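Given two chains presented individually in distinct reference frames, assemble the corresponding complex, making use of the accompanying hints.
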Amino acid sequence: MNRKTRIRKIELFVSLAVILIIGVVGAARMAGSAPTYDGSRTDVVGLYENPANYDTADADGVSDIIVKENNQYTAALNTVYSVTFNFRGYDTLGESFILVGAIAGTMAILRKKGNKASAQAVGTDAGTVVKPMKVVDYRGGAKKKGKTYRQKPVIMQSCANILLPFTLVYGWYIVLHGAMSPGGGFQGGVISAGIVLLVYLAFGLTGLRKTFHPGFLHSSETIAEIFYICVGLAGVFAGMNFCFNFVFINNGTFREESAMLMNDAVGYHVCAGICCLLIMMLEALDIDMGASDEEESGIAKKAALSVNAQELTYREADI
Amino acid sequence: MSGTLVTVLNTFVIIGAVASAITAVHAERLISSVLALAATGSFIGLEFIMLQAPDVGIAEVSVGAILSTILYIIALRKCREVERQMKTDEYLKSDLADSDKTQTPVKKDASDKKD
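Those sequence lines, one after another, are chains A and B.
Going by this note's numbering, the first sequence opens with residue 136, and the numbers climb by one from there.
Going by this note's numbering, the second sequence opens with residue 4, and the numbers climb by one from there.
There may be inaccurate statements among the hints.
[Claimed, not checked] Partial chain A-side listing against chain B, Cβ under 10 Å, derived:
#: 1; residue: 151
#: 2; residue: 215
#: 3; residue: 420
[Said to hold, decoys possible] Result set (DSSO-like, lysine-lysine): computed pairs, CA atoms no more than 30 Å apart in a straight line:
#: 4; chain 1: A; residue 1: 139; chain 2: B; residue 2: 81
#: 5; chain 1: B; residue 1: 81; chain 2: A; residue 2: 437
#: 6; chain 1: A; residue 1: 345; chain 2: A; residue 2: 287
#: 7; chain 1: B; residue 1: 81; chain 2: A; residue 2: 287
#: 8; chain 1: A; residue 1: 345; chain 2: B; residue 2: 81
#: 9; chain 1: A; residue 1: 437; chain 2: A; residue 2: 287
#: 10; chain 1: B; residue 1: 96; chain 2: A; residue 2: 437
#: 11; chain 1: B; residue 1: 81; chain 2: B; residue 2: 96
[Unchecked claim] A short, non-exhaustive set of chain B residues, derived as facing chain A with CB atoms under 8 Å:
#: 12; residue: 21
#: 13; residue: 58
#: 14; residue: 61
#: 15; residue: 65
#: 16; residue: 66
#: 17; residue: 74
#: 18; residue: 77
#: 19; residue: 81
#: 20; residue: 90
#: 21; residue: 91
#: 22; residue: 93
Quick caveat, the hints were computed from the structure, so don't treat them as lab data.
These numbers were taken from a predicted model, which means no experiment stands behind them.
Ideal placement from N, C-alpha and C gives every residue a C-beta, glycine not left out.
Extracted from the complex, chain B is given alone in its bound form (with noise of 0.2 Å):
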């Protein structure tokens, strides 16, 4: 590769990762700043096998751009549940749901007490 063309792509990715990095804090939703996170670890990992180093190239990738981004979207993921959860529960604990309520309680096996 020529002189100028490894300068003019190593400034573009550098210039990529930090835009990136920068929306990944600014961003307005999490799950913006999940995928910029992926996107900054993603130029790293390009820079790294442009630098002749594609084993910390690969691994760059794998861990921080699929890994990372996967128990985060997981975690973000629970977060909703979670709060659906809390949601209901206040919504049948209060005077608003009486349609909704039965009498009918969960049954109970006996396989429920083992560990």
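This is chain A alone, in the form it adopts within the complex (with noise of 0.2 Å):
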């Protein structure tokens, strides 16, 4: 296909060619322009009372106003936390809801009926169906009422075995200290629900079905969602505005405020929300008694000498 790599070639040079002038006339007029911090005083803060009560007259910008303000507004302990999860925890909220909708979006193109692989039955026509599938016996020699299970590596098993409790620690840790180091409850929810992958490389899909229930993880997403809005609530009841911080407890040495309460549970509803996230996408797979016995790799191979692959939509070296 000369002229299909002929017109790419040709795309290729084309758009290579915009971004490189887009970008080196950018830079130029961003060189001649104005600096960002001017030292002059800039009033987007006026969005609050007054802005004569800001000492702002040496500041560099709008972060410098919310750094020097954050004290005296906020009494948070990280200037980005309390950016985060009380000057906009509007903005916190409507993140959360972007992943209730991704996965009620999910659900309702992959829910499984029942907890059946339905690999086992092929074709329509009665008579003509495949012979159930011969697997390796799970541990090797016990089988449960009839079901046998496709055994994964040992190597696998042992380093998921040691490594979950590790995984659920690191990415818990990361939410809980969102106040004095990097992270939050966005990325530590991230890092925790990892361990679905372990356990789905280590044992299966029928592992993660007896380890996990996603019905149960989605109403726990949903309870850590109220949770949060009737924390920020808590400020509109007592006459101050939507997501208000309230220091409760403020020893010596322990702090807690009610912007860490919502960083808590966005990270619960977070690790939650993106467990029963892959668990429906691994379960839509449905690989775990698939092909590869002998008798159903040799089939499939004489099907696809046979089958015209052009007709299909994919071809398999392309994937």
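Structural data, given as structure tokens:
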């Protein structure tokens, strides 16, 4: 296909040239324009009560104003924390809603009716079905009520057995220390949701189904979201704004405030939500009892040779 | 960090991000595109950390380079599985597969009717 490769080369060169031209022109314009921090007084935080209260004579832009006035307005430990959960707590709530929407959409598409592997029955005509395939026993010998499982390599099981508690502790360390160190709810939640992958790689889909329950995870994720909203509304009922930061324990060493509660709620929300999402996607794969028995792969090879490959959408070499 | 070192590192990271993004569009196989997207996300995460925003950097790397790559790879595996199933179905329905067909249907037990 000489014409196709020529068109692709022309496309590549044109896109590179466009990026180069836009980049050079943009850089030249940026170098010639005024700097962001020019030392003059900025008035953007006038959306709060009285700009005359600020002592921002020597402020260096919006970020400097937020840093200077952070203690006065939110009494939070960390500036990024206070912006995420107090100044912009509503935006964080919207981000949590994104995750809920994504999981609801995935559920609408991928939710299965039962817990059975549907890869056993092939073909719709009466009588022309493939024989149910033989699989190797899980744990070498123990059959449970007629169900046999594919055995995963022993090294994966051993490594997962060792790594699971460390992963959970590391992920929740990042969630709970969001005020002191980089991280927070979202990042730590995604890291602790990696346990689903560890269990899947080590014990297969059957182990995953025994360990987690996606309905329960979805419910607990919703409860975490409601907890976030309630903590945010506590300020409204006290006469302040939504997501107001109130410090209710402040000993010398231990400090607990509402931004930390919201952070933990977001961490649990993200962890449960992404666990639910990964479980649904992995259940759709359903290749725990799939092809690579001898009969099945033989049939698949003969089928691959006989069927005209151009009729189907994807070529196997592409994927 | 000195001025020139920062400039050099920033240049390399941005060039790497643009190159891997172009690779993601012009790659031959789908899985190459997915891995190039993971590389782009990692480069941009590194740039965020160099701009002194480690929270955003960790979020970018964990979501863009790990989670979305995993979801894409699961979807591609499912496409391959569906295609293999379609080929097997067509082969069994055609006349070439007389030796592979059997007359024993799959037994359906009572628990199949439950939701």
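Task: Evaluation of the interface hint that places residue 91(B) against chain A, nearest CB under 8 Å - done: holds (5 Å)
Open item on the list: Please verify whether residue 96(B) and residue 437(A) have alpha carbons no more than 30 Å apart.
Closed with: Distance ~13 Å between residue 96(B) and residue 437(A) Cα, so the pair holds.
Open item on the list: Min Cβ distance, residue 74(B) to chain A: is it shorter than 8 Å?
Closed with: holds (6 Å)
- [ ] Let me know if the C-beta of residue 90(B) comes in closer than 8 Å to any C-beta of chain A, holds or violated.
- [x] Since chain A brings a Cβ to about 4 Å from residue 90(B), closer than 8 Å, the hint holds.
TODO: Verify the proposed pairing of residue 345(A) with residue 287(A), using a straight-line Cα cut of 30 Å.
DONE: holds (16 Å)
Open item on the list: Given residue 58(B) as an interface hint, is its Cβ closer than 8 Å to any Cβ of chain A?
Closed with: At 5 Å from the nearest chain A Cβ, residue 58(B) passes the 8 Å test, so the hint holds.
Open item on the list: Does residue 287(A) sit within 30 Å of residue 81(B), going by the straight-line distance between their CA atoms?
Closed with: holds (20 Å)
Task: Supplied contact hint for residue 66(B), tested at 8 Å Cβ to chain A - done: holds (6 Å)
Open item on the list: residue 21(B) was flagged as interface toward chain A. Is the shortest Cβ-Cβ separation under 8 Å?
Closed with: holds (7 Å)
- [ ] May I ask you to test the interface hint for residue 65(B) with respect to chain A, counting a Cβ-Cβ separation under 8 Å as satisfied?
- [x] holds (4 Å)
Open item on the list: What's the verdict on residue 139(A) and residue 81(B), does the C-alpha distance respect the 30 Å limit or exceed it?
Closed with: holds (29 Å)
Task: Status of the hint placing residue 93(B) at chain A (closest C-beta pair under 8 Å) - done: holds (5 Å)
Violated hints are absent here; each numbered hint is respected by the structure.
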